[in-house]
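My request is simple: use the sequences and hints to build the entire structure.
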Amino acid sequence: MVKGKLKIGGAAVALVVLALLLSGCTSKPTNEEKAQKITVSGSTTVLPIAQSAAEAYMKDHTKADITVSGGGSGVGITAIGQGTVDIGMSSRELKSTEMTQYPDLVITTVAKDALVMIVHSSNGLNSINLTAVRGIYNGTIKNWKELGGSDMPIVIVGRDSASGTFGYFQEFVMKNENSTSLMLGKNSNGAVKETVAQTPGAIGYVGLGYTTGGVKALKLDVNGALIEGSAATVLDKTYPASRDLFMITKGPAKGLAKAYIDFILSPAGQKIVQAQDFVPLK
Amino acid sequence: MTPAAGPKSEERTTLRADNERVRPRFFRKSGLRRRLTELGIRSLLFIAAVLSIIIIFFVILFLFREAVMAFSEIGVSRLLGGDYWNPSGVPPSYGAWPLIVGTLLVTLGAMAFAIPVGIGSAIFIACLAPPRLRLALKSLSEILSGIPSVVYGVFGLLVLTDWIRVTFERPTGETWLAASLILGIMALPIIISVAEDAISSVPKEYIEASLSMGATRWQTIRRIIVPSAISGITAAVILGMGRAVGETMAVLMVAGNSAIIPSPITNVFSPVRTLTATLGIEMGEVARGSTWYSTLFALAVILFVITLVINTLANYILARLKDKFRPGARKPERAVLRRWLRTRALRLIGKDGTQKFELPAAARTWLGRAGRAFFVLALLWLFVSWFGWLRGPVTLAVLAFMYVGYGKLAEKNRQRAAFALITAAAVTMLFLVGIILYFIISNGLPAMSWEFLSQSPSDLGRKGGIYPAIVGTLVLVGGTLAIAVPLGVGAGIYLSEYAKEGWLTKIIRAAIDNLNGTPSIVFGLFGLAFLVLYLDLGVSMLAGWLTLAFMILPTVIRTTEEALQTVPVPIREGSLALGATKWQTIRKIVLPNGASGVITGVVLGAGRAAGETAPILFTAAVAFTRFLPDNIYDPVMALPYHLFILTTSIPGSRTQAYGTALVLLLIVLPMYAVSAYLRFRIYKKKR
Chain W
1 MVKGKLKIGG AAVALVVLAL LLSGCTSKPT NEEKAQKITV SGSTTVLPIA
51 QSAAEAYMKD HTKADITVSG GGSGVGITAI GQGTVDIGMS SRELKSTEMT
101 QYPDLVITTV AKDALVMIVH SSNGLNSINL TAVRGIYNGT IKNWKELGGS
151 DMPIVIVGRD SASGTFGYFQ EFVMKNENST SLMLGKNSNG AVKETVAQTP
201 GAIGYVGLGY TTGGVKALKL DVNGALIEGS AATVLDKTYP ASRDLFMITK
251 GPAKGLAKAY IDFILSPAGQ KIVQAQDFVP LK
Chain H
1001 MTPAAGPKSE ERTTLRADNE RVRPRFFRKS GLRRRLTELG IRSLLFIAAV
1051 LSIIIIFFVI LFLFREAVMA FSEIGVSRLL GGDYWNPSGV PPSYGAWPLI
1101 VGTLLVTLGA MAFAIPVGIG SAIFIACLAP PRLRLALKSL SEILSGIPSV
1151 VYGVFGLLVL TDWIRVTFER PTGETWLAAS LILGIMALPI IISVAEDAIS
1201 SVPKEYIEAS LSMGATRWQT IRRIIVPSAI SGITAAVILG MGRAVGETMA
1251 VLMVAGNSAI IPSPITNVFS PVRTLTATLG IEMGEVARGS TWYSTLFALA
1301 VILFVITLVI NTLANYILAR LKDKFRPGAR KPERAVLRRW LRTRALRLIG
1351 KDGTQKFELP AAARTWLGRA GRAFFVLALL WLFVSWFGWL RGPVTLAVLA
1401 FMYVGYGKLA EKNRQRAAFA LITAAAVTML FLVGIILYFI ISNGLPAMSW
1451 EFLSQSPSDL GRKGGIYPAI VGTLVLVGGT LAIAVPLGVG AGIYLSEYAK
1501 EGWLTKIIRA AIDNLNGTPS IVFGLFGLAF LVLYLDLGVS MLAGWLTLAF
1551 MILPTVIRTT EEALQTVPVP IREGSLALGA TKWQTIRKIV LPNGASGVIT
1601 GVVLGAGRAA GETAPILFTA AVAFTRFLPD NIYDPVMALP YHLFILTTSI
1651 PGSRTQAYGT ALVLLLIVLP MYAVSAYLRF RIYKKKR
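First to last, the sequence lines map onto chains W and H.
Sequential numbering of the first sequence, starting at 1, is according to this note's numbering.
Sequential numbering of the second sequence, starting at 1001, is according to this note's numbering.
Keep in mind the hints are simulated off the structure, nothing from the lab.
Keep in mind that the hints are not guaranteed to be accurate.
Distance condition first, Cα-Cα at most 27 Å in a straight line; then the derived DSS-like pairs of lysine-lysine [as the list claims (entries may be wrong)]: (1) Lys-1500/H with Lys-63/W; (2) Lys-282/W with Lys-59/W; (3) Lys-237/W with Lys-142/W; (4) Lys-271/W with Lys-1588/H; (5) Lys-1463/H with Lys-59/W; (6) Lys-112/W with Lys-95/W; (7) Lys-112/W with Lys-254/W; (8) Lys-282/W with Lys-258/W; (9) Lys-237/W with Lys-216/W.
Encoded structure:
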């Protein structure tokens, strides 16, 4: 008897669930109702800032609930454009196609970062110029000896297409020339760093926060001057490969989203930016 | 599965006829109430069945519908045959050929490893191992099929790729070889368990007859047991292939993901990119309705078609296996069809179709020789491209010498050599499994502490614990079961007990079977496009539940149906003859007898829901959240996703990653152990 009832109960649950599913579009709480709860997603470069800031903010505001997720800048822009999150993170500027597709996005710069070329710590090279980087990534330079290093094939490590770092690199360094298909596409700065640290012949590009521990950051050779990627060189604009990091909202930020972004822009927030090895705005 | 379930349709109709005769008398006595219950239950089951079937066909149709645009805009030949995949480039390029080749090569490599090791282990377990060891190994391989793919990925990324880089002195270990090895290991459990089933179901009489004629054990295995079980072994291989084709997370973590065709094509040290990995990497960033979006659906359709071919083959072969050991089995329809086709073809070229067509003897010898020569040349080419002009031919010569030498051995020594190889296969299997488990457990134990299990993560998961992820995974599994079990079990009961057998049920079964083998990432894509975006559920628990539920629904339906079919017809007839109604019979007789089978299916589904990453990647999971979800529109943390994020994105979080992997294993593996135990009990009961 009990079993029979269970089965009937089960079928009833199924119906309820289906009803829920069908009414899903209408019964979703609006943003005003869940003002104390936001989701932030996108760029893995911005992720450390967002998560640390969220942890600090939530320590002072016990009711606030900020959920942070990665995926890449492409994911973040698409997600905020399609309204599946409250804040999108991006480490590249929006493409014109994205601007026209999602016209009501509001973009806030929260920090600056440098794009740094890294190699395995045993690599003899100390600096590189952007032409050589382009040569490596378009597949014409295949061996370190062509750049005056040891005779070792170059393992090209880059980011997958969802990455804003990839987008920035494609635009700024590659001048929109396609990267070679031989490039190993990683899904985060951390993954690029780990791979380069593990692989003697590797080169990769990462944000400022990923230049220690088994890898060596290359100085950029700008017309003979060797410039190290650092907060100082980004701020005085001598380092050429610097970029802004963005948080994007649909329309002007409201409620917790606004408070959270304001917190990141505040002196306390910018200290967190610095602590996470990024460059504060001022 | 048993011979008793054989000619279903005839027995079903007699059953129904009996029931019709009984019913009027019965209803007169018991009145309206019972009649209403009977009708109500039937309608509920019917609704469950119809809903499940609608869902299944909807998923399939949705995939195809969204893919149409890509095929029409890019063109079928340019999409399938184009050799440059760069959808984010300027201008974008959508050539899926490197991805298709990548998928096929990786699968091929995995099979080259998994077939000898898997079948060797299966023979070892079924024929050589003493009974106790046999039971232990068999349950071990069942439990192993539960290791989540992301755990294999972690092992592959942190250990295997590094090992390949150092051992083979390659610039990087993220290669076709790494992907194939990992997939091969992942395909082992299913190959072993299906092949072992087939081998141990070879009738004892065959073996005894062979041994009593004076054949050695190895001769019996080679000439009697393996040929008799060959359909089952083939099916095992094909099912293993299905697993390898559909795998996402592990491949994504070790294959390097460069969309290139290895050059030369035998270069196992080239990075590759599979269809599934491409979906996993790119589906989060595509805007709904764009060409790129549609192209990803086209990739899903390609995967679906590959699965369709694989499943159809496996089902056909398994069906033949069922017929084989049934006395008086009818000739399969396909054999009749084949004979008819051949007759027609022979008539066309002017031969009398009734005669058996044969090539002249000389031509046949020459064809045979040409075939062998081609085989040797192909091997030579492969070895040369791997080991170079000097070492390649030498290796081949050594192998050939060993083969010829084996032919000259005395029977007793042949048996020794063969058994040594078979044992080596089983030892290899155990060694690999042991290494992976040891790696996770020994590295994960130091992370274990009460804080780790009870706190939220902090500092990007480098500190704190994984409490929200544990709860998230459990909640995901619970909700998934709440949806999939009533629907799936209800549909299974309806299909097995009420539905009339006919072309419609056949189509439904085919659809269920095919969706059963469809890669989980395809469900993830469906969940993202339909549930998250179109229905606007957002990245939420509800979207995750539904995605996972749709994914395990086919398994639950199928196992329920199969379990109920094994309940012998005489017992049902007895119940009906005593005046019980249809539903009373099902509830009191059929369900209790089939219960362990049904539960096995449910537990397997739960294990899968807990361990899968690909379906929740963009539908339900987030990297960090502080509180537990308090309504169904909240996203959740989940153990497999957390493990993926920690390993791939957060440097300096190794200990936490291993700890997460260990906790995930501790949640998933017991589920598989329960289902293995239940299956074992059913198996013993049948004996």
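Evaluated hints:
{"no.": "1", "hint": "Lys-1500/H with Lys-63/W", "verdict": "violated, 57 Å"}
{"no.": "2", "hint": "Lys-282/W with Lys-59/W", "verdict": "holds, 25 Å"}
{"no.": "3", "hint": "Lys-237/W with Lys-142/W", "verdict": "violated, 31 Å"}
{"no.": "4", "hint": "Lys-271/W with Lys-1588/H", "verdict": "violated, 69 Å"}
{"no.": "5", "hint": "Lys-1463/H with Lys-59/W", "verdict": "holds, 16 Å"}
{"no.": "6", "hint": "Lys-112/W with Lys-95/W", "verdict": "holds, 19 Å"}
{"no.": "7", "hint": "Lys-112/W with Lys-254/W", "verdict": "holds, 24 Å"}
{"no.": "8", "hint": "Lys-282/W with Lys-258/W", "verdict": "holds, 20 Å"}
{"no.": "9", "hint": "Lys-237/W with Lys-216/W", "verdict": "holds, 22 Å"}
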